[in-house]
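Student: So the chains spell out like this:
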Amino acid sequence: MLDHALTHLQSTTLAAAIRGELPQAWLGWLFPNIETIHVIAIATVFGSIAMVDLRLLGMVGRRSSAAQIAAEYLPITWTAFAVAAFAGSLMFISKAVTYFHNLQFELKFLFMALAGLNMLVFHCGAFRSVNRWNDQLPPPLPARLAGGLSLLFWIVVIFFGRWTGFTT
Amino acid sequence: MHHIHTYYTVRHWADWISATSLSQWLQNAAWFVPTSQSIHIVSLSMVFGSALAIDLRLLGLGRSFRSVADLTRTLVPWIYGGLVVLFITGSFQTITEPTRQFVSPAFWSKMAMIVCVLALTMWLSRSVAADPERWNSIERRPRRARLVAVASLGLWIAIIYCGRFIAYTWTLHV
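Going down the list, the protein sequences come from chains A and B.
Residues -14 to 153 (the numbering used here) are what the first sequence spells out, left to right.
Residues 242 to 415 (the numbering used here) are what the second sequence spells out, left to right.
Taking beta-carbon pairs under 7 Å as the criterion, some of the chain A residues facing chain B (in silico):
1. Thr21
2. Arg147
3. Phe151
Computed, partial: chain B to chain A, Cβ under 10 Å:
4. Ser279
5. Val288
6. Leu297
Don't read these hints as lab results, they were simulated from the structure.
Just so we're clear, the structure is a prediction, and the values are computed from it rather than from any experiment.
Virtual Cβ for every residue (Gly too), placed ideally from N, Cα, C.
Put together the whole structure using the sequences plus the hints.
Tutor: See below:
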């Protein structure tokens, strides 16, 4: 049932264009361009969220408060995440069935879900009382734990993302 | 004619590197290139994220509360440190697949642009350290500040583009 929907998705003209299967030769450049935009976007996602994580670990940006660093970087993270998700979706539909059944691709999404869950737990938990530990160094254990796990999960996401390109 | 001569010269170097035992060993380790590229992307993220934060601040965009001097002092070391890791992983990737890299115009463009952006970053961090007050105030900031930010961002984006396009030189050109 799901495979049927995925097959339908990758049989669209848009999917064929991204695969470079249409007669127009220049469309061959579509996939590399989408891929590069995806790389620039994930570099921005990781480069910005890592700075927030390192501040939660009390390692970088110690002259600024934790909430200030988060407010400075998180809008950049979310904007770039939207771009990465859009470019990623375009690559996905080009070979939807293959990606969906690829182990590395599945693990990438598992770790992205873990990163999201970690962020949710932190925002609904320790971050609510940020005013009490905003300038405390090192930050309290729950904040350091959230920062460390976020760094780990996103690095794993990048690894499995790159490995997906080699196994599909 | 000149083009063909250059091609054979770089091809000669590439064949020599390819034949070394280190290159042979890495070529046979299927895990090596994807792993090295993953580390390359993680380091690239730290470099690009840091450059982006400084450049947005120079352009007056974004929500940074910090002074330009605070940002360059904190983030430029991440750019240098990241570049060291990028150089190491990139060198091993080049040793593993020298032909793919050396015949690609994207590879040589990328190298030239890295030299430019590195010089620009060094110049910026020294200028800001020399006169932090001037760089921080929007009215007194050098006119060049915006130009520097745009050039830096443009170069980094072009570098990432060229880096990814090395992989497609063979499939789309040859």
